[in-house]
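Student: Chains A and B, in that order, give the protein sequences. Each residue of the first sequence is one higher than the last, beginning at 1 in the working numbering. Each residue of the second sequence is one higher than the last, beginning at 1 in the working numbering.
Any given hint might turn out to be false.
[Claimed, not checked] The calculated lysine-lysine pairs, modelled on DSS-like cross-linking and capped at a C-alpha distance of 27 Å, are:
{"#": "1", "chain 1": "A", "residue 1": "LYS57", "chain 2": "B", "residue 2": "LYS99"}
{"#": "2", "chain 1": "B", "residue 1": "LYS56", "chain 2": "A", "residue 2": "LYS53"}
{"#": "3", "chain 1": "B", "residue 1": "LYS99", "chain 2": "A", "residue 2": "LYS71"}
{"#": "4", "chain 1": "B", "residue 1": "LYS56", "chain 2": "B", "residue 2": "LYS93"}
{"#": "5", "chain 1": "B", "residue 1": "LYS42", "chain 2": "A", "residue 2": "LYS57"}
{"#": "6", "chain 1": "A", "residue 1": "LYS71", "chain 2": "A", "residue 2": "LYS53"}
{"#": "7", "chain 1": "B", "residue 1": "LYS42", "chain 2": "A", "residue 2": "LYS3"}
Treat the hints as calculated values from the structure; they're not laboratory data.
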Amino acid sequence: DVKVTQSSRYLVKRTGEKVFLECVQDMDHENMFWYRQDPGLGLRLIYFSYDVKMKEKGDIPEGYSVSREKKERFSLILESASTNQTSMYLCASTGSSYNSPLHFGNGTRLTVT
Amino acid sequence: QKEVEQNSGPLSVPEGAIASLNCTYSDRGSQSFFWYRQYSGKSPELIMSIYSNGDKEDGRFTAQLNKARQYVSLLIRDSQPSDSATYLCAVNKRGGYQKVTFGTGTKLQVIP
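Just chain A, same shape as in the assembly (with noise of 0.2 Å):
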């Protein structure tokens, strides 16, 4: 079964810190993403990484930074944190088909103040 970690579920930063958001997964899958989830704005793509060192902007790209050194890990990078990027973030991996689901980690609730 897939498995997708994220580092934190609840995460308490201030205004101006460098926050990193972590994500593995075990299933050696070639593309991973970041999305923010938001009330009434349902999920929006911040990045996503097809393969090792790839990488590619999202809908949302702004006040992020992304990082994949290694297949099973994407780490989403807030590199001056801002109190609009409290949210709920979600990791989501998948393999090479189109036709694969997106199998998401259990989120990150990122409060900044």
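Fit chain B to the given chain A structure using the hints.
Tutor: Using the frame of chain A, we list chain B on its own:
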């Protein structure tokens, strides 16, 4: 126009009834369609996937796809209170990188 559109609801149905959830998409290049269920405070979990026109049944769930009209629907028969959740429609386009786009979800309430 949003890429994937869903009625936000809430959709209220009595226990035992059929719940019908609808989703439209704008890109005719879309090839793979997914329904996810999300309970409050939890992450989405896959319910159904469908790739060809027509119906696909799995237990109490039936997904329907009509590419000509660019809509996909999910029917839940014999609805149970445990089905109360938000249902997310997701679409993947063929060609280029995989980029799955979600609708904002429909909240379903099954009334006992």
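Student: None of the hints should be skipped; say for each whether it holds.
Tutor: Going down the list of hints, with the structure as the test:
{"no.": "1", "hint": "A:LYS57 / B:LYS99", "in the structure": "holds, 10 Å"}
{"no.": "2", "hint": "B:LYS56 / A:LYS53", "in the structure": "violated, 38 Å"}
{"no.": "3", "hint": "B:LYS99 / A:LYS71", "in the structure": "holds, 18 Å"}
{"no.": "4", "hint": "B:LYS56 / B:LYS93", "in the structure": "holds, 20 Å"}
{"no.": "5", "hint": "B:LYS42 / A:LYS57", "in the structure": "holds, 25 Å"}
{"no.": "6", "hint": "A:LYS71 / A:LYS53", "in the structure": "holds, 9 Å"}
{"no.": "7", "hint": "B:LYS42 / A:LYS3", "in the structure": "holds, 15 Å"}
The structure fails hint 2 only (numbered hints given earlier).
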